[in-house]
Amino acid sequence: METFASPLLLLASSGRAAHAGVIHSVIHLIYIFAAVMFILSLHWMSDPKTARRGTFAGVAGMAAAVLGTLVEPEIVRSGYLWIAIAALLAVPFGIKLSMVPLTAVPQRTALSHAFGGLAAGLVGTAEYFIWLHDGAPAAGMSGFKMGAIVFEVLLGFITVTGSLMAAGKLQEIIPTRPITYKNQNAINLLLFVIAIVAGVTLVLRPSWWPVYALFAGLALTFGVLLIIPIGGADMPTVISILNSYAGLSAVAMGFVLDNKLLITAGALDGSSGLILSIIMCKAMNRSFFNVLFGAFGQVQAAAAATTDKSVRSTNPEEVAQMLEMANEVAIIPGYGMAVAQAQRMVRELYDQLTKRGVVVKFAIHPVAGRMPGHMNVLLAEVEIPYDRLIDMETINPEFPQVDVALVVGANDVTNPAARHDKSSPIYGMPILDVDKAKTIIVNKRSMNPGFAGIDNELYYNDKTLMLFGDSKAALGDVVKALSGGGMH
Amino acid sequence: MQTDFISALYVFMLSSIIGLGVIRRVSRLLHTPLMSLTNAISAIAVVGAILIAGEQKSTVSSILGAIAVFASMTNIISGFLITDRMLKMFKPREAGK
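One line per chain: the protein sequences are X and L, in this order.
Oh and the first sequence: position 140 is 140 in the working numbering, straight run, nothing missing.
In the working numbering, each residue carries its 1-based index in the second sequence increased by 488.
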């Protein structure tokens, strides 16, 4: 790329007007190359074998796009200095953000959505500002362009504050419980209507800048209000929706700048967020509307009906024996496993059992973890082979053949009440059919109900044994019993 | 402007259809890296940010543009790095042993 970038720069300085057209054509070609790379990049994500190639394609596309943009004749000399300083400042920050522990990846993702939204919102604002101060209102703020700026700023700024709220909830700086108040939806609706009115006003009268300030402020406020009533359990869906918004704000920026590459890349991001949100919603049997306005997770106070049921408890030695004699074991990991930092112990258990010829599979519910696919990454980190990570649709029909199902830190996604109990708040949610296994072992700290506050029927099943205790310690004891048994 | 708008809309429609088709086939295992990858790709907003910061039309717009360059560059760097970091972890059974 650099080889023909420098002659282009020379051309730009000599015959500016004549050669600007040529340069723009070349830049367009570079952009087309970048767009192709981005599509290939996502295409290669279809298989873990080719996925890393996908990252390289993405990097190639991005590098080409950035270098191509840098030869734009419109960029002045001092501009390069500004760009260089901003980009250099981003290097240490970006590297630091890429090294977070994998349990913190959801927060990092939310934070980068906020950055994406910020970039879009600020570029939109700058575009508006430039037009306002050029002092030539007659010279072209078309209604169309203003409309695109309105969308860009709205989506961008909602994404900024919304994602910061989501990151705060995931990091548990902000309470993860839904925060609700009286007439919440009515107030949100009112603000939304005001925002629409302000947006339409701007399209009709672009020069009324106080309306712009009001509009940008409303978008920022709206992002906060949209996320505070949403509980921690719904964060995987929220992150996916915000992902989509961040993409769409890039699309709007593409419309403002009439840049097809921005539109393409933004649309790819937008559709990715959309598909992931749909998967998350289906996995929780919720609709978008319900996630955004339902204030889930605060109404379940009626978990008192189960007091007379009893559970059977077991101990690590017994568990070790059962696992050892099994032909097929399914481990059902939940986020509780990551909270207890028991992944390495799970890996050791996996090794011990595999060594004995026991087939071990991991049953992954789509919402296991705190963002789409999170559990797979957590288990890949401890080097569980990815062909042992089985998704819900595939493993559910296999549960009747499973000798021992071991539930580690998962709760609601294993609750059979979701299948038949119409009064249960999770009724209709697709679950892992753990109860169909021949024996079920549930590792749990105590009998406290899970995050959603719903009692789990599985624990009272005749086939279920409870292994109480911290996952790391309890599984550690199981592993110890297994390796001790293996000696003689 | 009218034809520009129509052709931009065309590009948007076609890219969305390609996006939906391609993303639908992404392995379920890789949804977390997928999100960090699309994050990095949508930081293509850097193109707009570079233009705004580079044109130096006014102090305010240059500052806003420079912040936008910073934000998108952060996403590009951290997005691609963390995606590759996660993808490196996914190993099949033979290699995992």
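Check each hint, because a few of them may be wrong.
[To be verified] Straight-line C-alpha distance at most 27 Å; calculated DSS-like pairs for lysine-lysine:
| hint | chain 1 | residue 1 | chain 2 | residue 2 |
| --- | --- | --- | --- | --- |
| 1 | X | Lys472 | L | Lys545 |
| 2 | X | Lys309 | X | Lys96 |
| 3 | L | Lys545 | X | Lys260 |
| 4 | X | Lys49 | L | Lys579 |
| 5 | L | Lys576 | X | Lys355 |
| 6 | X | Lys472 | X | Lys422 |
| 7 | X | Lys361 | X | Lys472 |
| 8 | X | Lys480 | X | Lys309 |
| 9 | L | Lys545 | X | Lys96 |
| 10 | X | Lys472 | L | Lys579 |
| 11 | X | Lys260 | X | Lys355 |
| 12 | L | Lys576 | X | Lys361 |
| 13 | X | Lys355 | L | Lys579 |
| 14 | X | Lys309 | X | Lys182 |
| 15 | X | Lys436 | X | Lys361 |
| 16 | L | Lys579 | X | Lys96 |
| 17 | X | Lys49 | X | Lys436 |
| 18 | X | Lys309 | X | Lys361 |
| 19 | X | Lys49 | L | Lys545 |
| 20 | L | Lys545 | X | Lys361 |
| 21 | X | Lys438 | X | Lys422 |
| 22 | X | Lys472 | X | Lys282 |
No lab work stands behind these hints: they were computed from the structure.
Just so we're clear, the structure is a prediction, and the values are computed from it rather than from any experiment.
For each hint, the structure was consulted:
1. X/Lys472 to L/Lys545: violated, 59 Å
2. X/Lys309 to X/Lys96: Distance of about 50 Å is beyond 27 Å: violated.
3. L/Lys545 to X/Lys260: holds, 23 Å
4. X/Lys49 to L/Lys579: Holds, because 8 Å separates the two Cα atoms, which is no more than 27 Å.
5. L/Lys576 to X/Lys355: It holds: about 25 Å lies between the C-alpha atoms, which stays within 27 Å.
6. X/Lys472 to X/Lys422: violated, 35 Å
7. X/Lys361 to X/Lys472: The given pair, whose Cα atoms are some 19 Å apart, holds under the 27 Å limit.
8. X/Lys480 to X/Lys309: Given that 27 Å is the threshold and the Cα spacing comes to 32 Å, the pair is violated.
9. L/Lys545 to X/Lys96: The given pair, whose Cα atoms are some 33 Å apart, is violated under the 27 Å limit.
10. X/Lys472 to L/Lys579: Measuring from Cα to Cα gives roughly 24 Å; hence the hint holds.
11. X/Lys260 to X/Lys355: Not satisfied, since the Cα-Cα distance of roughly 55 Å exceeds 27 Å.
12. L/Lys576 to X/Lys361: This hinted pair holds, its Cα atoms lying about 21 Å apart.
13. X/Lys355 to L/Lys579: Given pair X/Lys355, L/Lys579 holds - Cα atoms ~18 Å apart, limit 27 Å.
14. X/Lys309 to X/Lys182: At roughly 38 Å apart (the allowed maximum being 27 Å), X/Lys182 and X/Lys309 break the hint.
15. X/Lys436 to X/Lys361: This hinted pair holds, its Cα atoms lying about 15 Å apart.
16. L/Lys579 to X/Lys96: holds, 25 Å
17. X/Lys49 to X/Lys436: Given pair X/Lys49, X/Lys436 is violated - Cα atoms ~33 Å apart, limit 27 Å.
18. X/Lys309 to X/Lys361: violated, 31 Å
19. X/Lys49 to L/Lys545: violated, 47 Å
20. L/Lys545 to X/Lys361: Roughly 60 Å separates the two Cα atoms, so the pair is violated.
21. X/Lys438 to X/Lys422: Between X/Lys438 and X/Lys422 the Cα gap is close to 26 Å, so the pair holds against 27 Å.
22. X/Lys472 to X/Lys282: Status violated; Cα separation ~31 Å.
Checked against the numbered hints given earlier, the structure breaks hints 1, 2, 6, 8, 9, 11, 14, 17, 18, 19, 20 and 22 and satisfies all the rest.
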